[in-house]
Amino acid sequence: MARSPAPNERRSGCWMSGITKIRSGNEAIALGAIDAGIGVAAAYPGTPSTEVMESLTSWAGSEIHLQWSANEKVALEVALAAAGTGVRALTAMKQVGLNVALDALMTGAYLGVKGALVLVVADDPGPHSSQTEQDTRFLAKAAGVPVLDPATPQQAYDFTRLAFQVSERFGIPVIVRPTTRLSHGLGPVRRGEPIPGTTPSFTKDGRLVIMPAVATKRHGWLRETLQELSGFLATTDLWERWGTGNLGFVTSGVADLYLREALESLGVNARVLRLGAVHPLPEEPVAAFLAEGGEVYAIEEPDSFLEERLLLLKGQRDLAVKIRGRLSGDLPGTGELSPTILRQVVARAAGQTLSPVREPDTAYPRPPVLCAGCPHRSVFYAFQRAARGKRVVFTGDIGCYTLGVTMPVPAIDTCLCMGGAIGMANGLAPLLTDTKVVAFLGDSTFFHAGIPGLINAVHESYNLTLVILDNDTTAMTGFQPHPGMARKAREKTARRVDIADLCRSLGAEVSQVDPRDFQALWAEARRLLTAKPAGPRVLVAQAPCVQKEPGQVRYQVTEACDGCSLCVREAGCPAITWRNDRAFIDESCTGCHLCAAICPTDAIGVLSHGN
Amino acid sequence: MGTDLFLAGVGGQGTILLVRVLLAAAERAGLPAVASETLGMAQRGGSVSATVRLGEPGARYSPLIARGAAQLLVGLEPGEALRYLDFLSPTGTLLVGTDGVPPAGLNGLQGTYPVAEILAKLREHHVRTHLLPARDLARQAGQVKAQSAVFLGALAGLPDWPLPAETLLGALEELVPAKAREANTMAFGLGRDYRPEG
Chain D
219 MARSPAPNER RSGCWMSGIT KIRSGNEAIA LGAIDAGIGV AAAYPGTPST EVMESLTSWA
279 GSEIHLQWSA NEKVALEVAL AAAGTGVRAL TAMKQVGLNV ALDALMTGAY LGVKGALVLV
339 VADDPGPHSS QTEQDTRFLA KAAGVPVLDP ATPQQAYDFT RLAFQVSERF GIPVIVRPTT
399 RLSHGLGPVR RGEPIPGTTP SFTKDGRLVI MPAVATKRHG WLRETLQELS GFLATTDLWE
459 RWGTGNLGFV TSGVADLYLR EALESLGVNA RVLRLGAVHP LPEEPVAAFL AEGGEVYAIE
519 EPDSFLEERL LLLKGQRDLA VKIRGRLSGD LPGTGELSPT ILRQVVARAA GQTLSPVREP
579 DTAYPRPPVL CAGCPHRSVF YAFQRAARGK RVVFTGDIGC YTLGVTMPVP AIDTCLCMGG
639 AIGMANGLAP LLTDTKVVAF LGDSTFFHAG IPGLINAVHE SYNLTLVILD NDTTAMTGFQ
699 PHPGMARKAR EKTARRVDIA DLCRSLGAEV SQVDPRDFQA LWAEARRLLT AKPAGPRVLV
759 AQAPCVQKEP GQVRYQVTEA CDGCSLCVRE AGCPAITWRN DRAFIDESCT GCHLCAAICP
819 TDAIGVLSHG N
Chain C
232 MGTDLFLAGV GGQGTILLVR VLLAAAERAG LPAVASETLG MAQRGGSVSA TVRLGEPGAR
292 YSPLIARGAA QLLVGLEPGE ALRYLDFLSP TGTLLVGTDG VPPAGLNGLQ GTYPVAEILA
352 KLREHHVRTH LLPARDLARQ AGQVKAQSAV FLGALAGLPD WPLPAETLLG ALEELVPAKA
412 REANTMAFGL GRDYRPEG
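Protein chains in written order, with our numbering: chain D, 219 to 829; chain C, 232 to 429.
So here's chain C without its partners, still in its complex pose:
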């Protein structure tokens, strides 16, 4: 049984880097994999979504995943996780960042972006939800941009995760610029070791 992941975020959060690291790690581990990237108008503040299918049977087919069929939903942004929650299997796992990025128009004057409500909605609708304060952890590691590394670490820490953590880390270190390597490695570790309070 393979692992089908649906990923969602906002342009600039590193969703695509995450996809490329997962694919590189799969190649190294000899695990069949396919992926899709919906680039949309990511740079113009739009949604970014992607799918990665690790192992068979998923990797035998198209990279797209049917609604309700993904084992994992990685939401780098809570509103985006909510937007694509229908792709997650009821028995799957939701890994979601707790830092909201308000869409244009919800700028605080013409409406607010209720991150706490969105997170509550996610937990209410889905049993297996892991909240990840990815931005804080990335900041601790020395680079706010290293958020996707935090998510990679968190994935490596999940039960039944099909790729060895060292392989993920190796692929990550190869794909980030040399000066960002240290911060990303640390961010990976923080994501992997993160346990919510209480």
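Chain D on its own, in the form it takes in the complex:
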């Protein structure tokens, strides 16, 4: 049986070449963009896409304007405008970030681009670290935007360069869609010859003004362009057909690699069509593949996008072929694919029985928790304790502080989406009039999506409390800057937008506290939960993230400990454990002082050098 030309070796595997280096998928995308001559890149952090922009900040020349934007919508608007001046622009986000930017994308696709625009949108099958495992390809189709679906870091590099070429040639934005396993996967990448960037210029020809009559025309243009593009894609090597057999597989993304390995290790004969462009489909080669009949499996993730396109094509052309995938129940409906799952799928398709493999051991779960000394822990604890015996609902949001839910008493009762904490608080406050409503938002989240919700609450005079957890960074994704900070992507100085001032100017009653001063924090929590309702109140809790600025002292448990175990039971700090009927604080303590503050017998004190 002929071995498939595995994507990793298509570049005639010169492993000894100095020009081939091992890169991650995200790094490869960044390099592809640099070599494609971009002039602008704007992004908002989001796992698994974050390293695209981070790599650009490390490697892009100073002539390229880079920006961590306030949110993905702004980032896309920045990139669309740049592309409107004839420049090549990139924006990067995770899949739920596209939800935020979608308004700009839907119109942007109609208006088209003069230069080039590539959106890197990273899906997260599973999900590993996202609110959904939605499939970007469906949104791209709704917007009329082409999608390239790379499987290896080399393809991530090549497809990014190709995406800029396609965008420039056809005048439309193009999406490059890595998934987590590609973004954080590492493999060989050989770069091509770089091309220079272009000079921006703005022509006052009205081509960037959308109006209803214009929309009808542009919609027509978009439909025609996608048809033309489908024909063009069929002439490229973005699709590849190999093998023979009644059993067929149509693949895209990293799942193609799982399939290849399964076919070879099981010795199964099949015909395979790998698609690097999944929207629009290169229709003729796909139809020809289906027309060969038999059983064709759609191997893709996270959802049944290709499977549906194949079923549509089958119906339109009345083809005698059986299509299988998630819809038919031949692939799992949820969760990510893997080499293990593809072995099972291929074995079943080929009528083979697999020998059983050992089941995973799930005995000792290791849930992520807030770091030792995290200021969010003190804030959550203070509010939880102040809420005892009272009716209080805590709305939560996206960030490290979502981990408030893994504290001994879960600190948040809701978590929906970026800005959802204040948005949902607006919904709960007027209905639950006998309940205090407290929303928690991080600083980066506040700038991203929290401001309209606060404005709404002020205008409606809702009785709610907004606690902004300001640790002066975007922590969960790796400490990227945001507008509240005095730094930017590549500059150590920047103009700060002050959170407390902003909230005051919006008309909220604002107070500020340092969570490391537990007495002050406790006083604020009690005050806010007992104050007479009088519209929205904001508490800005400011203390730096301990990963960026660890505390200067360590605490220790002294002889005075009487074994009441309150610190262990209630704080949930990973630095505190129980040994020999006493609490014990280990060297991961970063000195936030919370345990010392809540100890009923004052048995916790600073560890001095002599000890």
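Rather than coming from a laboratory, the hints here were simulated on the basis of the structure. Keep in mind the model is a prediction, meaning the values are calculated, not measured. It is possible that some hints are incorrect.
Stretch by stretch, here's where chain C covers chain D in the computed footprint (C-beta under 8 Å, at least three residues) [said to hold, decoys possible]: (1) 400-410; (2) 505-511; (3) 553-565; (4) 795-801.
Virtual Cβ for every residue (Gly too), placed ideally from N, Cα, C.
Since chain D is already given, all that's left is putting chain C on it; use the hints.
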């Protein structure tokens, strides 16, 4: 026949450094290699897992490894080794550190973390198991953080290991900060020369 490794540890133990050193060493030796990193919420005390596939056929495919297919499982933490034991081939080798890191919740009051039991379970379930007191050896070398260097040394000491020890050491020295080089080099040596008592 290539060498497919599955690595598992807790955030902060150096699992990712291990992956990067293996890849750098493979590049130097001209050996095809691919890898994956599951970062998860590693800094927040969560699991870290990774795969490295050295040589063909592994390096031709995705970095992920099918269950029961890895030749090597490197467990920097015993509970994590147990969590991913299903990825190790029944004829493969398990290299596991003996120092447990209790998960949040098993803080001694609401439950204990039975490291000895976990290690016993690992040995019971798997024939070729090497226990490595990596933390002690790293401490001997002068830096507790040099645990991943101990594991690298231990890998270099395994039969059928595809990369020369000098190449591994060279890659390690290049990737650690200058002031940590000496301790890491020593930790590498201790890992390589370690033989359990008896």
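Can you give the numbers of the hints that this structure goes against, from lowest to highest?
The structure breaks only hint 2.
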